[in-house]
Amino acid sequence: MPKHLVLLAGWGLGIAPLEALAAALGKALPDFSLQLQPLPDLTAQDGAAVIAQLDQQLPKGCWLIGWSLGGMLATALAAQRQTACAGLITYASNPCFVARESWPHAMPQATFNAFRQLCHQDLGAGVKRFALLCSQGALQPRQLSRQLQDMAVLTDAGSALAGLDLLAELDNRAAIRHFAGRQLHVLAEADALLAPEAAALLQGLNPQAQVELLGQSHASVLAEPQLLAQRLSAFIQGGADA
728 MPKHLVLLAG WGLGIAPLEA LAAALGKALP DFSLQLQPLP DLTAQDGAAV
778 IAQLDQQLPK GCWLIGWSLG GMLATALAAQ RQTACAGLIT YASNPCFVAR
828 ESWPHAMPQA TFNAFRQLCH QDLGAGVKRF ALLCSQGALQ PRQLSRQLQD
878 MAVLTDAGSA LAGLDLLAEL DNRAAIRHFA GRQLHVLAEA DALLAPEAAA
928 LLQGLNPQAQ VELLGQSHAS VLAEPQLLAQ RLSAFIQGGA DA
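In terms of this note's numbering, the sequence shown opens at residue 728 and continues consecutively.
For the record, the hints were derived by calculation from the structure and aren't laboratory data. Since this is a predicted model, take the numbers as computed values, not measurements. Fair warning: there could be bad hints in the mix.
Dumping the calculated SDA-like pairs for lysine to any residue here, alpha-carbon to alpha-carbon at most 25 angstroms [claimed, not checked]:
1. 855 to 877
2. 730 to 741
3. 754 to 958
4. 787 to 827
5. 787 to 964
6. 730 to 877
7. 787 to 935
8. 787 to 761
9. 787 to 772
10. 730 to 767
11. 754 to 772
12. 754 to 743
13. 855 to 843
Now the in silico label distances, taken between C-beta atoms and shown as ranges [as the list claims (entries may be wrong)]:
14. 939 to 859: 36 to 42 angstroms
15. 758 to 856: 27 to 33 angstroms
16. 856 to 731: 32 to 38 angstroms
17. 786 to 927: 31 to 37 angstroms
18. 809 to 934: 35 to 41 angstroms
19. 788 to 867: 35 to 41 angstroms
20. 838 to 776: 37 to 43 angstroms
21. 838 to 786: 35 to 41 angstroms
22. 809 to 767: 17 to 23 angstroms
23. 964 to 919: 30 to 36 angstroms
24. 840 to 809: 33 to 39 angstroms
25. 939 to 919: 29 to 35 angstroms
26. 937 to 859: 28 to 34 angstroms
Yeah, the Cβ is synthetic: ideal placement off N, Cα and C, and Gly gets one too.
Taking the hints into account, I'd like the entire structure generated from these sequences.
Written out as structure tokens, the structure reads:
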């Protein structure tokens with residue numbers, strides 16, 4: 728079994744929100760090496776180019792674990808690699824971030840457009856709004872929101888908008904259907920950015936995939952790392968039904 732885990736970051740906050748989860752996974756899986764992977768430069772690149780860049784950067788045969796946008800990229804890369812991917816795990820990651828006619832449990836297009844415009848006009852306000860949404864549903868949302876804002880790595884609207892455009896572009900429904908390896912998709916129970924009702928639709932894409940609700944908020948990777956690490960490590964170590 729491959730012994731390398733790659734954790735892919737989400738939009739705007741870098742790898743810092745994943746550090747506690749990585750530490751917990753390291754304790755639970757001492758025989759595994761871990762790699763925290765920031766998003767590549769997203770400006771002037773479409774989804775295919777970003778995935779190709781990640782394919783060059785990340786070792787073959789590793790586990791791909793991603794949060795939010797990182798989970799979407801991990802899913803696309805796993806489907807491309809197939810047997811060269813040990814397994815796929817996503818947290819708070821929707822096959823389609825923006826709602827489509829055949830995928831309603833996602834962010835409405837009008838809401839996405841308004842948020843994109845906010846980031847274009849006032850990036851600081853956009854990051855604050857994003858942190859608030861990520862922390863909704865958590866046991867201590869204000870504290871979590873402040874932590875997330877302090878972790879923000881966005882310094883210019885161009886890179887922020889490029890990431891948002893990538894979120895809107897990606898459609899991983901076919902990737903989830905066609906990835907033949909083990910996959911676990913975990914959604915939060917009170918996620919303000921991804922309705923838990925999406926779980927049933929997600930399960931319908933691939934009956935062999937495991938889809939579960941665990942954790943409270945979109946940012947449970949930071950707020951509840953021990954809980955997530957326990958489930959993720961059990962899946963990694965277990966068989967098909969773990």
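Status of the hints after comparison with the structure:
1. 855 to 877: 10 angstroms, holds
2. 730 to 741: Judged against 25 angstroms, a Cα distance of about 24 angstroms means the pair holds.
3. 754 to 958: 13 angstroms, holds
4. 787 to 827: 33 angstroms, violated
5. 787 to 964: Given that 25 angstroms is the threshold and the Cα spacing comes to 19 angstroms, the pair holds.
6. 730 to 877: 32 angstroms, violated
7. 787 to 935: 23 angstroms, holds
8. 787 to 761: With Cα atoms ~14 angstroms apart, residue 787 and residue 761 stay inside 25 angstroms; holds.
9. 787 to 772: Holds, at about 23 angstroms.
10. 730 to 767: Measuring from Cα to Cα gives roughly 23 angstroms; hence the hint holds.
11. 754 to 772: 36 angstroms, violated
12. 754 to 743: 18 angstroms, holds
13. 855 to 843: OK: residue 855 and residue 843 at ~13 angstroms, within 25 angstroms.
14. 939 to 859: 36 to 42 angstroms: Since residue 939 and residue 859 have Cβ atoms about 25 angstroms apart, the given range 36 to 42 angstroms is violated.
15. 758 to 856: 27 to 33 angstroms: 41 angstroms, violated
16. 856 to 731: 32 to 38 angstroms: 36 angstroms Cβ-Cβ, so the 32 to 38 angstroms window holds.
17. 786 to 927: 31 to 37 angstroms: For residue 786 and residue 927 the Cβ distance comes to about 34 angstroms; the hint holds.
18. 809 to 934: 35 to 41 angstroms: 18 angstroms, violated
19. 788 to 867: 35 to 41 angstroms: Holds: the Cβ-Cβ distance is about 39 angstroms, inside 35 to 41 angstroms.
20. 838 to 776: 37 to 43 angstroms: 27 angstroms, violated
21. 838 to 786: 35 to 41 angstroms: 37 angstroms, holds
22. 809 to 767: 17 to 23 angstroms: With Cβ atoms ~22 angstroms apart, the hint holds.
23. 964 to 919: 30 to 36 angstroms: 32 angstroms, holds
24. 840 to 809: 33 to 39 angstroms: Holds, since residue 840 and residue 809 (Cβ atoms, about 35 angstroms apart) stay within the stated range.
25. 939 to 919: 29 to 35 angstroms: 19 angstroms, violated
26. 937 to 859: 28 to 34 angstroms: The hint (28 to 34 angstroms, Cβ to Cβ) holds, given that residue 937 and residue 859 are roughly 30 angstroms apart.
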